[in-house]
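**Q** Sequence:
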Amino acid sequence: MTTPIPQPPAYPYFGHVFSLDRDVPALGFHKLAQELGEIYRLNLIGRSVVFASSHALVNELSDDNRFSKAISGALKETRNLVNDGIFTAYNDEPNWGLAHRLLMPAFGAARIKNMLEDMREICDDMINKWARSPPGTELDPIDDLTRVALETIAFCSMSYRLNSFLSETTPPFVGAMNDCLRECNSRANRPTVVQAWVTATNGKYQDDIRLMRNTAREILEERRRKPTEKNDMLNAMLADRSANVLSDEGIIDNLLTLLIAGHETTSGTMSFAIYYLLKHPETMQKLRNEVDEIIGDQPAEIRDLNKMPYLHAVLREAMRLQPTAAIRVVNSIEDTTIGNGKYFLPKGAAIALLTWDAHRDVAVWGEDAEEFRPERMLNGKFESLPPNAWQPFGYGMRSCIGRSFAWQEMCLVLASIVQHFDLSLADPSYVLEMTQAITIKPKNFYIHAKPRHIKT
Numbered sequence: 001m002t003t004p005i006p007q008p009p010a011y012p013y014f015g016h017v018f019s020l021d022r023d024v025p026a027l028g029f030h031k032l033a034q035e036l037g038e039i040y041r042l043n044l045i046g047r048s049v050v051f052a053s054s055h056a057l058v059n060e061l062s063d064d065n066r067f068s069k070a071i072s073g074a075l076k077e078t079r080n081l082v083n084d085g086i087f088t089a090y091n092d093e094p095n096w097g098l099a100h101r102l103l104m105p106a107f108g109a110a111r112i113k114n115m116l117e118d119m120r121e122i123c124d125d126m127i128n129k130w131a132r133s134p135p136g137t138e139l140d141p142i143d144d145l146t147r148v149a150l151e152t153i154a155f156c157s158m159s160y161r162l163n164s165f166l167s168e169t170t171p172p173f174v175g176a177m178n179d180c181l182r183e184c185n186s187r188a189n190r191p192t193v194v195q196a197w198v199t200a201t202n203g204k205y206q207d208d209i210r211l212m213r214n215t216a217r218e219i220l221e222e223r224r225r226k227p228t229e230k231n232d233m234l235n236a237m238l239a240d241r242s243a244n245v246l247s248d249e250g251i252i253d254n255l256l257t258l259l260i261a262g263h264e265t266t267s268g269t270m271s272f273a274i275y276y277l278l279k280h281p282e283t284m285q286k287l288r289n290e291v292d293e294i295i296g297d298q299p300a301e302i303r304d305l306n307k308m309p310y311l312h313a314v315l316r317e318a319m320r321l322q323p324t325a326a327i328r329v330v331n332s333i334e335d336t337t338i339g340n341g342k343y344f345l346p347k348g349a350a351i352a353l354l355t356w357d358a359h360r361d362v363a364v365w366g367e368d369a370e371e372f373r374p375e376r377m378l379n380g381k382f383e384s385l386p387p388n389a390w391q392p393f394g395y396g397m398r399s400c401i402g403r404s405f406a407w408q409e410m411c412l413v414l415a416s417i418v419q420h421f422d423l424s425l426a427d428p429s430y431v432l433e434m435t436q437a438i439t440i441k442p443k444n445f446y447i448h449a450k451p452r453h454i455k456t
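Using full-length UniProt numbering, you'd call the opening residue of the sequence shown number 1 and step up by one each time.
It should be emphasised that the hints constitute simulated quantities derived from the structure, not laboratory data.
All figures in this text were calculated on a predicted structure; none of them were measured in a lab.
Do not rely on the hints blindly, as some may be mistaken.
[To be verified] Quick list of in silico lysine-lysine cross-link-like pairs, BS3-like style, CA-CA up to 27 Å: (1) 129 <-> 450; (2) 113 <-> 307; (3) 31 <-> 113; (4) 76 <-> 226; (5) 286 <-> 450; (6) 342 <-> 307.
[Said to hold, decoys possible] Pairwise CB distance ranges, derived in the manner of DEER restraints: (7) 128 <-> 217: 28 to 38 Å; (8) 453 <-> 425: 47 to 57 Å; (9) 381 <-> 435: 25 to 35 Å.
Backbone N, C-alpha and C define an ideal beta-carbon position, used for all residues, glycine too.
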């Protein structure tokens, strides 16, 4: 005998649409989980979605044999830009397997290590910008880290420079991408009947898509005119000589996919990490001590980054508390039950896995699960976590293909910031605010950065 899945009170026709937090949907879903428990259902104008927030349920739902990745919400809207790119393709679309086969070698460990100098070149652009800022300048780390992450994936994946640090003005491509992703999130939370009337944003949205696709097409055409031996992701897609190759439009889809997926999560994670370090001075000091001991005043090398367990712990803990991709949606492949047979899910049911909540489950993380404490990731504790307890990169067949790339980049950038600057909050009383497009990032977060004189 199964148990009905709880629901909040609903409105006629509109269902639970007014239960949504339109600015940061993940926070609205979190609030409902606190009220209704580890599982609940929302009816969103003809669309029923089940939400699971406990580690036990998320672990059970993280099974590729029973549940498949769903392309819905803001991710589905992103298909207007990237179609069936590797991140937004439906499971049965052939271009997903084709792109995965072509790109996997390009994200191999050896190739990622060889990208360190390219990553450093971009990182140094931001370090130099901060170092040149007059004392007392309010810096926007979210904006600068977004530029770093976008420049890094563009340079490493297709040898293209956006030159976003040459001016305080946002480059057209970067502005178009930021606006497009925000609109994708807004469209995902608008009823279809309303969307048809939002003509002003519809026009801007299409203009942004056109600008980005034209830019990617120019990059592709330039590479064909001037081939290079560089082992980047663009060459990986162009070099294939098998019968099943990506079309030019397919390559453009995946170039833009790499730019989106390769900058949204990393920039958000680094921003959250800096926020937590500034709110926990003792943690910042521990990381500073490790940076000074291992790196000193020299550029960080791969061997250095691999010998910095506290740096890794800080990033892992930031990704636990603030997984920037806070929600994943799956579909049940067949009729099934979850929760030890307690809850029935029909074939094709949409289930949202609330990673943000599962990462704070006291059953796994203890009574201090809401606290930022990197020590919980040290001395083998991270490796001994239960299955699927830490999922910022997703899981299984559709997990993040660029995980190693993102990890190396985040380690390098955060270590370099701590190496070169003493940071402080511009507003010491600042309490974390968040905004959500495709991913979650801090909002209204500003810092001061005072250059350090490193003792070696």
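**Q** Hints first: check each against the structure and report whether it holds.
**A** Here is what the structure says about each hint:
no. : hint                    : in the structure
1   : 129 <-> 450             : holds, 12 Å
2   : 113 <-> 307             : holds, 15 Å
3   : 31 <-> 113              : violated, 41 Å
4   : 76 <-> 226              : violated, 35 Å
5   : 286 <-> 450             : holds, 18 Å
6   : 342 <-> 307             : violated, 46 Å
7   : 128 <-> 217: 28 to 38 Å : holds, 32 Å
8   : 453 <-> 425: 47 to 57 Å : violated, 22 Å
9   : 381 <-> 435: 25 to 35 Å : holds, 32 Å
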